[in-house]
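Heads up: the sequence lines are chains L and F, in that order. At position 189 of the first sequence the residue is numbered 1111 (this note's numbering), and the sequence of numbers has no breaks. At position 293 of the second sequence the residue is numbered 301 (this note's numbering), and the sequence of numbers has no breaks.
Since the hints were made in silico from the structure, they are not lab data. Be careful, since some hints might not be right.
[To be verified] When the alpha-carbon atoms are kept at most 30 Å apart in a straight line, the in silico DSSO-like pairs for lysine-lysine are as follows:
hint, chain 1, residue 1, chain 2, residue 2
1, F, Lys-421, L, Lys-982
2, F, Lys-388, L, Lys-982
3, F, Lys-413, F, Lys-463
4, F, Lys-55, L, Lys-1017
5, F, Lys-24, L, Lys-986
6, L, Lys-1020, F, Lys-397
7, L, Lys-1020, F, Lys-463
8, L, Lys-1066, F, Lys-388
9, F, Lys-325, L, Lys-1066
10, F, Lys-39, L, Lys-1094
11, F, Lys-421, L, Lys-986
12, L, Lys-982, F, Lys-434
13, F, Lys-55, F, Lys-24
14, L, Lys-1066, F, Lys-55
15, F, Lys-417, L, Lys-1017
16, F, Lys-421, L, Lys-1156
17, F, Lys-388, F, Lys-417
18, L, Lys-982, F, Lys-412
19, L, Lys-1156, F, Lys-463
20, F, Lys-397, L, Lys-986
21, L, Lys-1077, F, Lys-475
22, F, Lys-397, L, Lys-982
23, L, Lys-982, F, Lys-55
24, L, Lys-1156, F, Lys-413
25, F, Lys-463, L, Lys-1049
26, F, Lys-417, L, Lys-1156
27, L, Lys-1017, F, Lys-421
28, F, Lys-463, L, Lys-1045
29, F, Lys-55, L, Lys-1077
Just so we're clear, the structure is a prediction, and the values are computed from it rather than from any experiment.
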Amino acid sequence: MRVALFIPCYIDAFFPEVGIATLELLERLGVDVHYPLDQTCCGQPMANNGCQDDAAGTEKLFVKNFAGFDHIVTPSGSCAHHVREHLTAIPQDAKVAKLRRSTYELVEFLHDVLKVPEFPWAKFSHKVGLHIGCASLRELRQAKMSEISEPPFSKPLDLLSKVKGIQVVTPKRPDECCGFGGTFSVFEEPVSARMGYDKVNDHRNAGAQYIVSQDMSCLMHQKGCAERLGVDMKFIHIAQVLNGARA
Amino acid sequence: MEPAHEALERSLRMSKRVDHAEASSRFIAAKDHIEFHDQRLWDLRQKRDRESEEIPEWQELRSLASAIKEHTLTHLADYLEQFEQNATKNGVRVHWAKDAAEHNQIVIDILSSHGVRTLVKSKSMLTDECEMGPFLGNRGIEIIETDLGERIQQLDGEPPSHIVVPAVHKLRTDVAQVFARTIGTDPKNSDVPYLAESQRRHTRPYYLKAEAGMTGANFAVAETGSVVVCTNEGNADLSVNLPKLYLASIGIEKIIPRVEHLGVFVRLLSRSALGSPITQITSHFRAPRDGTEMHVVLLDNGRSERLGMADFWYSLKCIRCGACLNTCPVYRRSGGLSYGATYSGPIGVIIDPTFNLRKYSSLPFASTLNGSCTHVCPVKINIHEQIFKWRQIIAERNQLPMVKKEAMKMAGKVLASPMLYRAAVKAANAGLEYLPRSMVYNPLNAWGRQREVPKTPGTTFREWYLKNRRNKK
């Protein structure tokens, strides 16, 4: 099984430790991981602004980098969702269709494909709040959403429950959007920041020391809000926790 | 005909692009208001969750409601004619209006021919859509909104900010001020029963004085020709049953084929809207009482055009419950008035551009695409997917702000080239590292206004990979 690692642009540039944790974790689990060196982005920023023409070049490059692998894995729910549901700015042939079907967000790859039974090296002795990004929650359907009454399930919580010492605390509005929303964070800055402040305060009131998420872009936004608010809280990607980070 | 000054005012209003972000910053600045607004609507959302969870067949009801609406919309002309025939048989006079201007003209003609000077009215988004209030007001008709929330907004000279709870953005102390100014209550007394009772006492005499009553409609039933109105205050029934003339304004998408279908919609409507099992009153207005007249105005106003839009016709399934507004984290933190349109929140974002693409071109971007709206919608409108699609239309029709358009063009170019991308990352890293704080956090940098900028790691993942893995492979 040849697996390609897609490290989204903002993780490459700002959070290399998340990329490293993802790579190391997959290697530990015995996956044959490849990192195509000419990768950049999936095209989501342009597509989410309606700019299909501007997204086409990036999507074409994405296909060039990632076609031919059995699976493409990325530590980002919204990027995985873009590739699967919205990578439509370029002609859709069999190659593109297969690539789109084979793209996974890290949590679902670990949970659904590898079905990892344990993470013996992982120990995280802190109170954590879990933030499931909206794409992971409502598009990739990784957990029960509060809008729909259905039996509770949560793929990220299943994985975190295999981490020693971890204590998960639940905020009042666990699945309300944190307000990042890509370029929304800049073009709708007043509401975006307010949503981020509310999210951070909700987690703080629940007693969280860390916020853990599979979406680093949400965390980048929440971290920026917490720092400005002076809230003493830490933010860490789920790949890091599962890979054995202690703090 | 519309006088020249009215036409001019209208065209000026129509041409100005709504700036949702700017309006939201003003809303957020009022601390008590935004906290109350957000929590009040979130409470409604939670009540909706509890009510829907008590009904095991909730998802089935949503599917049924969606299917009934899709069937009706794909046979709309037939059901509209059936409604007209049956309503006419019942003694109702049915009028057809192509657009808002025709609607308003029909209404004023009916009112004038009956010598009406005062009109009591229950809640209707449709008459707001037609800007009927100022139109009739300019022609000497006094309109009294009888729904409490609508009345508050009318007395304050504001449009409704929410399609179900029109004054939800106001605190009770705001209402005390409005009532003190307009109906003479004690400005220091913001006791809710006192305010509600004062409005009630002030409004009651108008029911007796008014020569005509008017309602909107929640549903129009084709097989019976009846108009169904769901309310909680009883004001619609008083408005209909006291005056000798009754008018109902109905958007053509409100048709449902049969009475039995109400069993699906009535179960969904109030649970989705307010988290209550049913509205206090569900009125079926079928025929005029002896010695009175009943008129129905069926309005298109762009609806049949929307029905022809492949990606957007589903929005016509909407039953105006407001659940998508209550759940929307952006709406709760920006308030309905920030949308500058009759319909606000997620449903507004996908309807408003059909009325005026340029004016409402910022609205589909007032969303994080979080998808909550789609999953609370009782008729399963794929709201957030339509928001995504509208963005494409807005970009295609060249309605993006210049700064965004240029930014996307640049981003598309850089991200399509590994070389340019790597150079840009390097420059950004260097920039953030070496620029003085005053430049990173200047007012033009929206990110940094209320948030810290991520620290630069000094090395990219790719660089780390080349150093630590490349040689091993």
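Hints and how they fare:
1. Distance restraint check for F/Lys-421 and L/Lys-982: the Cα-Cα separation of roughly 12 Å lies within the 30 Å cut-off, and the hinted pair is therefore satisfied.
2. For the given pair, F/Lys-388 sits about 33 Å from L/Lys-982 by alpha-carbon distance, which is inconsistent with the 30 Å threshold.
3. Pair hint F/Lys-413 plus F/Lys-463 holds up; C-alpha atoms about 27 Å apart against a cutoff of 30 Å.
4. Straight-line distance between C-alpha atoms of F/Lys-55 and L/Lys-1017 comes to about 47 Å, which puts the hinted pair past the 30 Å bound.
5. This hinted pair does not check out: F/Lys-24 and L/Lys-986 have alpha carbons roughly 44 Å apart, beyond 30 Å.
6. Proximity of L/Lys-1020 to F/Lys-397 is assessed by CA-CA distance (about 24 Å); at most 30 Å being required, the pair is judged to hold.
7. Proximity of L/Lys-1020 to F/Lys-463 is assessed by CA-CA distance (about 37 Å); at most 30 Å being required, the pair is judged violated.
8. Using a Cα cut-off of 30 Å, the hinted pair L/Lys-1066 and F/Lys-388 holds, with the two alpha carbons roughly 18 Å apart.
9. Between F/Lys-325 and L/Lys-1066 the alpha-carbon distance is near 26 Å, which keeps this suggested pair within the 30 Å criterion.
10. Annotation: proposed proximity of F/Lys-39 to L/Lys-1094 holds, straight-line Cα distance about 20 Å (limit 30 Å).
11. For the hint pairing F/Lys-421 with L/Lys-986, the CA-to-CA distance comes to about 16 Å; that is within 30 Å, so the pair holds.
12. Taking the CA atoms of L/Lys-982 and F/Lys-434, the gap is near 23 Å; set against the 30 Å cutoff, the hint holds.
13. Our distance criterion of 30 Å between C-alpha atoms is broken by F/Lys-55 and F/Lys-24, whose separation comes to about 38 Å.
14. Straight-line distance between C-alpha atoms of L/Lys-1066 and F/Lys-55 comes to about 18 Å, which keeps the hinted pair within the 30 Å bound.
15. Taking the CA atoms of F/Lys-417 and L/Lys-1017, the gap is near 26 Å; set against the 30 Å cutoff, the hint holds.
16. Among the hinted pairs, F/Lys-421 with L/Lys-1156 is inconsistent with the structure: their alpha-carbon atoms are about 35 Å apart, more than 30 Å.
17. Our distance criterion of 30 Å between C-alpha atoms is broken by F/Lys-388 and F/Lys-417, whose separation comes to about 35 Å.
18. Our distance criterion of 30 Å between C-alpha atoms is met by L/Lys-982 and F/Lys-412, whose separation comes to about 22 Å.
19. Of the pairs offered as hints, the one joining L/Lys-1156 and F/Lys-463 holds, with about 14 Å between alpha carbons and a cut-off of 30 Å not exceeded.
20. The hinted pair formed by F/Lys-397 and L/Lys-986 meets the criterion: a straight-line CA distance of about 26 Å does not exceed 30 Å.
21. For the suggested pair L/Lys-1077 and F/Lys-475, the alpha carbons sit about 33 Å apart, so the restraint of at most 30 Å is broken.
22. Simply put, F/Lys-397 and L/Lys-982 have alpha-carbon atoms about 21 Å apart, close enough for the 30 Å limit, and the pair holds.
23. Our distance criterion of 30 Å between C-alpha atoms is broken by L/Lys-982 and F/Lys-55, whose separation comes to about 46 Å.
24. For a cut-off of 30 Å, the pair hint linking L/Lys-1156 to F/Lys-413 is broken: about 35 Å separates their Cα positions.
25. Simply put, F/Lys-463 and L/Lys-1049 have alpha-carbon atoms about 25 Å apart, close enough for the 30 Å limit, and the pair holds.
26. For the given pair, F/Lys-417 sits about 35 Å from L/Lys-1156 by alpha-carbon distance, which is inconsistent with the 30 Å threshold.
27. At roughly 23 Å between alpha-carbon atoms, L/Lys-1017 and F/Lys-421 fall within 30 Å of each other, so this suggested pair holds.
28. As the CA atoms of F/Lys-463 and L/Lys-1045 are separated by approximately 26 Å, the hinted pair is consistent with the 30 Å bound.
29. Between F/Lys-55 and L/Lys-1077 the alpha-carbon distance is near 27 Å, which keeps this suggested pair within the 30 Å criterion.
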